[in-house]
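Trainee: In case you want the letters, here they are:
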Amino acid sequence: MTDWAIAATPPRWRRWLLAETPQSRLQARLSRAYLSWVAFARNPLGMLGLVIVTVLVFLALFAPWVAPHNPLAGDLGYRLLPPGGEHWLGTDQQGRDIWSRIIYGSRTTLLIIFMVAITAAPVGIIIGASAGYVGGKTEAILMRLTDAFLAFPKLVLALAFAAALGPGVENAVLAIALTSWPPYARIARAETLMVRSTDYVAAARLTGASDLRILFGHIMPMCMPSLIVRVSLDMAGIILIAAGLGFLGLGVAPPQPEWGAMVSEGRQQILEQWWVCTYPGVAIFIVSLGFNLIGDGLRDVLDPREG
Amino acid sequence: MKSFLRLLASVATTLLGLLLVTFVISRFLPADPVLAVVGDHASESTIAAARIRLGLDQPIIVQFWLYLKNVLQGDLGESIRTGLPISQELMRVFPATLELATVGTIIGVILGIPLGVWAAVRKDTYIDHLVRFFGLIGYSVPIFWLGLMGLLVFYVKLDWLPGPGRLDFGYEEMVTPVTGLMTVDTLIAGDMDLFKNALGHLILPSSLLGYFSLAYISRMTRSLMLGQLRQEYILTARVKGVPERRVIWKHAMGNILVPLLTVIALSYGNLLEGSVLTETVFAWRGLGLYITDSIFGQDMPAVLGGTIVVGAIFIIINLLTDVAYRVLDPRAR
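Protein sequence lines, in the order shown, are assigned to chains A and B. Be aware that the first sequence starts at 1, since it is given in the numbering used here, and climbs by one per residue. Be aware that the second sequence starts at 1, since it is given in the numbering used here, and climbs by one per residue.
Hints listed in this document are in silico derivations from the structure and should not be mistaken for laboratory results. Incorrect hints may appear among the rest.
What the hints assert, rightly or not - Only some residues are given here: those of chain B computed to face chain A with a beta carbon under 10 Å: (1) Val-21; (2) Phe-133; (3) Val-141; (4) Trp-145; (5) Lys-157; (6) Val-281; (7) Gly-288; (8) Ser-294; (9) Ile-295; (10) Val-303; (11) Asn-318.
Unchecked claim - Calculated lysine-lysine pairs in the DSSO-like style (CA-CA distance at most 27 Å, straight line): (12) Lys-69(B) - Lys-137(A); (13) Lys-2(B) - Lys-137(A); (14) Lys-250(B) - Lys-123(B).
Said to hold, decoys possible - Coverage of chain B stretches by chain A, computed from C-beta distances (three or more under 8 Å per stretch; other residues unrestricted): (15) 263-276; (16) 305-317.
Treat the numbers as computed from the prediction; the structure is a model and nothing was measured. Glycine included, each C-beta is placed from N, C-alpha and C at the ideal position.
Using the sequences and the hints given, assemble the complete structure.
Mentor: Here is the structure:
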């Protein structure tokens, strides 16, 4: 018995969630999610990560209300002011409030993570699951292609793509997505190989389900859990690559705030006005640390042996 | 022997795939390869002539074949900015990256392995948490920013270390390149002042890369070590009264040495990637700075040339690790 069960009389909703014999699929699922949550919530660092990411989402959603100044229009009379007073974190070379730009920059960061996740994961799962399901030559070719992409260091390949595509947030997303899908394809293939020969797939085939239907309806859903975990573990890395592209001028077009680009803009003033390039970097660091802490917490829950 | 052949075949196909990717980037993405060579204001006949010279009038399969042939003969084309052969330029800048990544890996190994072992032995104590958190910071911090902060603190504010570059300004011409490794070349020249200068410039960027390598190596060491410490042979050794130091460094370490080798090799490959941004921040004339400079100079052939070399090094590192694994671990034979 674990300690959560010792509690004298748990409230109804908890008893329902902890039922030994769930009555419906929903109850079973929620019950599992609840147990994982309880395990995750015991990890203080994981919870810290969750707080960081929640704050990030909050700032991004309510940026116009939270940000004290306009992130795009600066007042040249207030250039390069040190932190303090009305400008918490100082102003940059165009007199724009750095704190406000960091708040609006969180939108760019979240947008890139979200877009990369919803582009790279489906590509990976389709390639991996098809390879695993079809087998033979198709599998060999698809997995060789995956290996070829994995042979590049991620950032270098993303740089090459972004350089060829030109700057811009869509191109940055595309470049990062093009380098992010191979691990997902590998995971999807491994899961598919396990599921392919199970009885329920055989049953589906006997009832006349087409290959496409089996693939999309019966196999891909089974790949989702491990894929979602892997994507969430990758988020910190995506942030760092996006910031790196931004730092090299391959991210968002100039007036829009992007953290990596802000660090790069502050480079010229680093000797006298250190805050211009320091604070955006702190933002990148904190957010990426937040995602990494969540990832570590998740790993502990899912694979307690490693912990 | 047969498995070695299979390994070589798989490396060859991966290399083929890698070149296919760079070929696709060079031919299909928006930046037009012809305009890139002749410029925006070329006449139609110049463009047509360039198309034929570049083989772009051929069917796509033939183009890929020509591309493969060129690359495998070491011809990566000419740089748009300088007009020099790209392979020659890459050979010139590569030793700088090699020097940086090697010293970085050495730092990562020397500090990362003991830290990982320490964390594993003191699992769930504050030491374990501290080591894990220290590693997690390494995973989370943007390397270019940490580099700038390092320069700000140790060069600008404290003045303990020299600034960007591989040597102080104006010194670079005084060294005749022999190996291309600045610390070695200055030693060969027998100039101790220059050697100290080169070493000083190396400290900050290599420590930075060393930290990233340490973060990865200590984490993997910890996890591998924990896997061993759970085993029964460790319990047996302890029961027999083998000193704890020997149990850990001899018995357990002996068993994780081979997988640890893979970890170190992977981290070496990762440093090649980390060096792109580090070299940009430290004006370190290596492979990474060459790639980013080429991006700024709209020099796509040079960008792709650098990309191919980095990818190829990655593949070679993996191949060597695989071979070493087979040689060192009897179970893999």
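Trainee: Each hint needs a verdict: does it hold in this structure or not?
Mentor: So, going through the hints one by one against the coordinates:
1. The interface hint given for Val-21(B) is met, as the beta carbon of that residue sits about 6 Å from the closest beta carbon of chain A, less than 10 Å.
2. Contact between Phe-133(B) and chain A, as hinted, is supported at the beta carbon level, the nearest pair being about 7 Å apart and thus within 10 Å.
3. Interface restraint check for Val-141(B): the shortest CB-CB distance to chain A comes to about 5 Å, inside 10 Å, so the restraint holds.
4. Annotation: Trp-145(B) was flagged as interfacial toward chain A, and the flag holds, the nearest CB pair being 3 Å apart, inside 10 Å.
5. Evaluation of the Lys-157(B) hint against chain A yields a held restraint, the C-beta minimum of about 9 Å falling below 10 Å.
6. For Val-281(B), the suggested interface contact is upheld, since its CB lies about 8 Å from the closest CB of chain A, less than 10 Å.
7. Residue-level restraint check for Gly-288(B) holds (minimum Cβ-Cβ distance to chain A is 8 Å; threshold 10 Å).
8. Given hint, Ser-294(B) at the interface with chain A, holds; its Cβ is 8 Å from that chain's nearest Cβ, closer than 10 Å.
9. Because the closest C-beta pair between Ile-295(B) and chain A is about 5 Å apart, less than 10 Å, the hint holds.
10. Annotation: Val-303(B) was flagged as interfacial toward chain A, and the flag holds, the nearest CB pair being 5 Å apart, inside 10 Å.
11. Interface hint status for Asn-318(B): upheld, as the beta-carbon distance to the closest one in chain A is roughly 8 Å, under 10 Å.
12. A hinted pair counts as satisfied when its Cα atoms are at most 27 Å apart, and Lys-69(B) with Lys-137(A) qualifies at roughly 26 Å.
13. Taken as a hint, the Lys-2(B) and Lys-137(A) pair is honoured in the structure, with Cα atoms around 21 Å apart against an allowance of 27 Å.
14. A hinted pair counts as satisfied when its Cα atoms are at most 27 Å apart, and Lys-250(B) with Lys-123(B) qualifies at roughly 19 Å.
15. Only when three residues or more bring their CB closer than 8 Å to a CB of chain A does the claim for the region 263-276 of chain B stand; here the count is 5, and the claim holds.
16. With a cut-off of 8 Å between beta carbons, the region 305-317 of chain B has 6 residues touching chain A; three or more are needed, and the interface restraint holds.
Checked against the numbered hints given earlier, this structure breaks none of them.
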